[in-house]
Structure formats: C-alpha cells, structure tokens
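Protein chains: 2
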Amino acid sequence: MAKLVQKFGGTSVRDVERIKAVALRVKGAVDAGNQVAVTVSAMAGVTNQLVDHAANVSTLHDAREFDVVVSSGEQVTSGLLAMALQDLGVSARSWLGWQIPVWTDSVHGRARIREIEDTELNRRLESGEVAVIAGFQGLGSDNRITTLGRGGSDTTAVALAAALKADRCDIYTDVSGVYTTDPRIVPKARKLHSITYEEMLEMASVGAKVLQTRSVELAMKYGVRLQVLSSFDTVPGTMVVGEDEIMEHEVISGVTYSRDEAKITLLRVADRPGVAASIFGPLADASINVDMIVQNISEKGDATDLTFTVSEADLEHAVSVIQTHRDAISYEDLLWDPNVVKVSVIGVGMRSHAGIAQRMFQTLADKGINIQVISTSEIKVSVLIEEAYTELAVRALHTAYDLDAR
Amino acid sequence: MAKLVQKFGGTSVRDVERIKAVALRVKGAVDAGNQVAVTVSAMAGVTNQLVDHAANVSTLHDAREFDVVVSSGEQVTSGLLAMALQDLGVSARSWLGWQIPVWTDSVHGRARIREIEDTELNRRLESGEVAVIAGFQGLGSDNRITTLGRGGSDTTAVALAAALKADRCDIYTDVSGVYTTDPRIVPKARKLHSITYEEMLEMASVGAKVLQTRSVELAMKYGVRLQVLSSFDTVPGTMVVGEDEIMEHEVISGVTYSRDEAKITLLRVADRPGVAASIFGPLADASINVDMIVQNISEKGDATDLTFTVSEADLEHAVSVIQTHRDAISYEDLLWDPNVVKVSVIGVGMRSHAGIAQRMFQTLADKGINIQVISTSEIKVSVLIEEAYTELAVRALHTAYDLDAR
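Chains as they are written, first to last, in the numbering used here: chain A, -1 to 404; chain B, -1 to 404.
Possibly wrong hints are sitting among the right ones.
The list makes no distinction among identical chains, and a pair is therefore deemed to hold if it is satisfied within one copy or across any two copies.
[Said to hold, decoys possible] Straight-line Cα separation of at most 25 angstroms, SDA-like style, residue types lysine to any residue; simulated pairs: (1) 25 to 61; (2) 163 to 288; (3) 1 to 191; (4) 25 to 53; (5) 25 to 57; (6) 25 to 54; (7) 189 to 173; (8) 219 to 266; (9) 219 to 105; (10) 25 to 335; (11) 1 to 124; (12) 207 to 280.
Please keep in mind that the hints were generated in silico from the structure rather than gathered at the bench.
Computed from a predicted structure; not experimentally measured.
Please build the complete structure, drawing on both the sequences and the hints.
Structure, rendered in structure tokens:
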C-alpha cells in the first residue's frame, strides 16, 4: 500500500466524460489498496474564459478579485470529481484551498505556498476517503483566496505530496512522459524511463512544457518522486527523481529548443566598467528577463559588441528601453533579430563526460549551421542559431548523441 | 446618508456589460453618500450549466459536493463586480459566504441562515468600502459551503439587510416592481407604490415570481424594508413594507393566477374519521404538496366526494400514490384534470371590507365562469376554474376591483 498524490490537468478533465474517466482511474488506485489524494485543474478552457471576463471588466484589475474569479474553475472540477467518485462507490470529499488550508503568502496571482495543514487530510486518507483537492489555489494571511499562477496545479500537487509525505506524485497530462526531444520534429524521439530533477528543470526552462519549473524545484527540494504520464492511456510514464535513484545515466537525456527567443546586439559599446549595468539595469527595471549574454572581445580596446537574448514578446519593449538609454549606455548601433532559436542538449552525464559541447559544435558545423551565441551550465549546453535551422539541428543532435529509438 | 443593501439577479449581471452597468448604479448610490452592500447572483445561465454538469456526472449526487460546484457562479460575479467598481474608482471588496461567514445549518442544497457575522462588514462599510457579497451561499457547521436553494440570493440580501440593520434592501430584477396583475394579460395593470409583506407573500405563493417567498418571510420577521425595482431603468419600484407604513390601503392589491395547478377528485370516499389522513398521509410521504382541498357534503352520509389540487409536475406521481393506496382509502372512482387555473384576489383591505369574496363570485358568474373549488385566507380569496378562462377571469376581476390604470 502506498500513499499517492495524483494530479489531472485541464485536458484530462475537459468535460464530464473525461471527469468520469479520471474517477475510474482513481478508483483503480484505491482498489489496489492505495491512499489517494487527487489535485485537479479547471476544465480545459474555463480558466481562459474567466480571465477574459476579468480583462473585459477592467484592464487594471485588483489581483485579489482576479483570484476570486479564476479560482472558481478548480472549485467546480473538484466538486464534480468527488461526485463522480462517489457515484462509483468510492468514498471521496472535495477540498478547496481555504478549507485545508493551503496557506500561502498574500502575493495574489502568483502566491507561494507556505504550509499545508495535513492533519485532517491524513486522517481522511487513512480512513480510506479520497481527498479531491482544487489545485492552483490557497489562502493568504488576509483570509482571501490566492492563486499560484499559471500551471499552479502542478505546484499544489507536489506541495501536497511533500506535506503528506506521499510515496509518489503522478502528474497526469496529455503526453505520456518526457521525451528525448519533441516527437513532432523527431519521430525517433524516445520516452525516457527516468530523468533527474536537474535535467527536468533545464528542460522546462528551455521550452519543454511538460512540467511547471516551480513544481520541479519544489519536488527536488522535498525529494518528491514525480511521475509524468498520460491520462489517455495506461502505460508507465517518466519518473522524475533524484540522481541517486538512477543507477546509470545516459550522457545526454534530451535535446530541446525554444523558438521564443529574440537577439539584440549593441555595436561598439564603450568598453569600460559599469557598461553592463547601464544596459541590464534599465531592462531589469522594465521587468524584462535577459537570457543568454555574450560580449565579443574588443578589437581596439576601447569598444566592444554585446549580444543578448530576450523573449520574443519582450523584444519591442527591450529595444525601446535600450534606445531610451542610448546616451547613458553609449553605443554606435543597435540590431535585433527575432528569427533565432535556442537549441540545448541536457544531461547530468555531462559532468563526467568530456567533449559533449564539442560534439554539439561539430555536429552543427557539419550541417553548415552557424552558432550565434553559446551558453553553458553544469548540465546543459545551449546555442542560438537561425530559426530556419531548428528541425535540422534538433534531428542532427538527437542522432549525434545516440538518442534515436532503435 | 443611508445604509443600503442592493441585490442584483442573474439577468441584471448576465454579461460583462451588464456587470459594468450595475457597477455604475452602485457608484451612484455611493456618490449620493450611502453605505452600500451588494448581493449578486450568478450570471444568467451559469447556474443551470453547473447543475447540468453535476447531473451528468451523477444522478444521485452528494448535496455537499453539489454545493461546491453550484456556488462557484456567484463567486465569479462577486469578484467581477468588485473589479468593475474599482475600475470606476469605487473602493470595493468581494465576500464569499465562508469569508463573512454567513453561518447556515448543514442542510446542503437548501440551507437556512443562522447568523451573519457583521462586525468586519460594518467596519468596511463605515470606511466607505462597498461590500460585494456572493449570494445564495453560506458556511455550514461542517466547514463546508452550503447553498440556500433556488432564488437564495434574495434571502442572502434580506438576511444581510437584517444583520447590518440596513435602512432598505433594494431587489433589482428584470421587472420594474410589483403589479396589480400580470401586464401581459391586462395591459391596464398598474405598478403598486407599496404593498405589505403579507400581500407579497400571498402573491408569491400564487405564482407572482417577483420575490422568493422565503426572503419575504425573512423581511417580515426582521422588519426589513424591501424595494423591488428594475435594473434596466431608473424609476422607483414597489416598496414591500409593514402594514403600519402604508397609510391607506387599497381594498385589493392584486389579482394573480397560477396555471401550475392540477385537480384530483376522489368519488364516493368513505365518510369516516381518518379518511383524510389515509389520503394526504401517503402524499406527504411522497413529498407532494397539496394546495386547495374541498370536501363535498355527503349525500347519504356514508360517502363523500373529495377534491384537491397539486402542482402539475406532481400530478402523475400523486395519481399513482392514490391508486397504490386504493384499498386503504376506499373510493369508487378517481378523476384528474390538469386544465385548471387558480385565480386569486389579494389585499389586506379585505379584513375591514365586507363583500370582497362575493364580488369575485358575482364577477365570474356574470362571465359564465364556473367555480370548481374555493379557498380563502385572511387576505386572499382563491378560486379554481377551467384554464381556458384565465385571461377573461383575470381581466374581469381587475376591472371589478377598480384596479385598472386610468
């Protein structure tokens, strides 16, 4: 017998039929002798509709009232799933954030969980009752509903698994696990049996949308064993666990890409102390996240070229911020390009294997692909290339690192 | 300066544009120097959709989970209206049943309000903040959301007005007040300036759908001055108040009718003690409400004919209950007829005026309308007639009691 937290996202509960199917799946886990807590998202489309309503009422709306409105979607699903379980003869009860409570700070719209009151939930689970918990929501110290931000139901599930000391947290989604790369680009992509938290974090940060970064961080912090799997079939998914749980790592776990990148280059910036601060300070003030940064070696010693990337959505804003501060920064020309993609290879095996980055550069060179910017972390190498080469690069790297399914 | 409770029903908040219009109206009351608490229903259609979802998940659903699901509609409206008010520069905050709390018993689906915690609400109102309260919902002693039953938002508004000792409770709806009769049948129907609680109760019980009976009872009990008015125009509505507030009553305030009646007649029932119990006991056990009852004078002393009415929806069920208990009741034949209508004249003036009922019978006789059953209360006379005569009877009575607009 195990204690499980199961999380079902919006597509898994998109209509009444799907909610009934989820109930059957939960019943299966109960019948197998497990204690089960379930976290649910809003039915697909509901949250977007509520967000639209709010936006149409007021463009600058109060985050506290926004939370009251958008949290209602998960409330509905939790009640419906509890009913569906009862209909199958499974003892079940719904729980809203304020009822448990899931205590959060009072940063409405992107609250962080502080503590989950687990006594009553544990008592119920031990008595054989399924707890159906509305994801995405909590209770702030101001006695008002808070929400955790987009994808917050993953975070609820992981936090719950940590609080309840669950044996596993199963994240049911519309994909059947974590793949070595995007199967739409590489038909030979393989589903991974397991992956480390660190690799999953790097993947999430470069565009693999399987899990919300924050929930993986939380799982890593509390050692919550995650499984990503599909609610539409019954095969095992991908385990996301600590490095110690994986006996032998692949060198590279995955090749990812993110098209949501735009490149900005400042030509002939004065090469003096403080110049980086004069550029990135104003961008930070404008809440623009800068990703990759590269500074070319200065030719004559008095000026240098500086390139960095921002998300495509921020490009226009970033350019205007730089132009506004032209005098303070002092540059000769400003170039930008949204037609770039960041391709990354990720793997904890990188730490103990030399030549990983070199193989990446050689593979791209062999295909005639020019690398514009490089950035590396302990378990990731990323390159910025022209967007048109995305598929070519991803496929070539997938083969080069021996990831293709046989 | 007054303390006002305003209630807006589903059609008044049916979409974002209407919610903005409501916000403007509330702002008007605030700008005039009033303290304002607002109760809102779910946006028109939302509750029905949630009820459908619940019915599709499980036919025999847990009332506690049903309440979790259906209460979300009012939650959304309260958040959106608070936003819309803030957008107009009006300080506002939404309140859900559990936040105030609106304490109720734990009879989920049709809970009764026990107490409303008013300290914090009053403090906010005094500070100039508008309180936007989700109607229809409360918190049971089991720490779970309860709902008050259909039309419960009226009850929330009145209970709130009582708890806050409001000067007036304005019920905004899609009609502009209480009329002497249905304007669709009698174009000369007049909007009443005022009406007593008792008259309003009688009207509600015979088909005038303006206010939920329970909310009027509550208003009467606590002396809450109600106003029924339209959210689609700006003219004064109808005041529903105690008799002492109305200087001179009309003799008759209104003529109402209810088509939702069906007549059942048992021929030659044994005329002995306990026979009524043998009929109405099984009907009560089957949760069938019986309205008018008339027992004809027994011809020979050993048997009698007995006629009563039930709602049309209950007719089939009632007939089958009677047939099931045929032996215990002992009757010769059973007749039923759904093509009947109950027409009533209502007025507290009846108490001090003789001949009111007689004028009704004479008026109907003059039109050749046969009266099948009669029932009277202190301030109401009702007759059951053939449904085809509805319009003719209502118009004739409206004229006979001098109610036609001049």
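We went through each hint and held it up to the structure:
1. With identical chains, the CA atoms of residue 25 and residue 61 are at most 25 angstroms apart between copies only, with a shortest distance of 21 angstroms across copies and 37 angstroms within one.
2. For the identical chains of this complex, residue 163 and residue 288 are neighbours neither inside a copy (37 angstroms) nor across copies (57 angstroms), given an alpha-carbon limit of 25 angstroms.
3. In the homo-oligomer, the alpha carbons of residue 1 and residue 191 lie at most 25 angstroms apart inside one protomer (22 angstroms), although the nearest pairing across protomers, at 65 angstroms, exceeds that limit.
4. In this homomeric assembly, residue 25 and residue 53 come within 25 angstroms of each other (Cα to Cα) only across copies, at 20 angstroms, whereas the closest approach inside a single copy is 39 angstroms.
5. Within a single copy, residue 25 and residue 57 get their C-alpha atoms only as close as 43 angstroms, which misses the 25 angstroms cut-off; across copies the closest is 19 angstroms, which meets it.
6. For a Cα distance limit of 25 angstroms, the shortest separation of residue 25 from residue 54 across copies, 19 angstroms, qualifies, whereas the shortest one inside one copy, 41 angstroms, does not.
7. With identical chains, the CA atoms of residue 189 and residue 173 are at most 25 angstroms apart within one copy only, with a shortest distance of 10 angstroms there and 62 angstroms across copies.
8. When the C-alpha separation of residue 219 and residue 266 is checked against a cutoff of 25 angstroms, the pair qualifies neither within a copy, at 43 angstroms, nor between copies, at 82 angstroms.
9. Within a single copy, residue 219 and residue 105 get their C-alpha atoms as close as 22 angstroms, which meets the 25 angstroms cut-off; across copies the closest is 43 angstroms, which misses it.
10. For a Cα distance limit of 25 angstroms, the shortest separation of residue 25 from residue 335 qualifies neither inside one copy, at 52 angstroms, nor across copies, at 49 angstroms.
11. Proximity of residue 1 to residue 124 under the C-alpha cut-off of 25 angstroms is restricted to the intra-copy arrangement: shortest distance 9 angstroms within a copy versus 50 angstroms between copies.
12. Taking CA atoms no more than 25 angstroms apart as the test, residue 207 paired with residue 280 passes in neither setting, with 29 angstroms inside one copy and 62 angstroms between copies.
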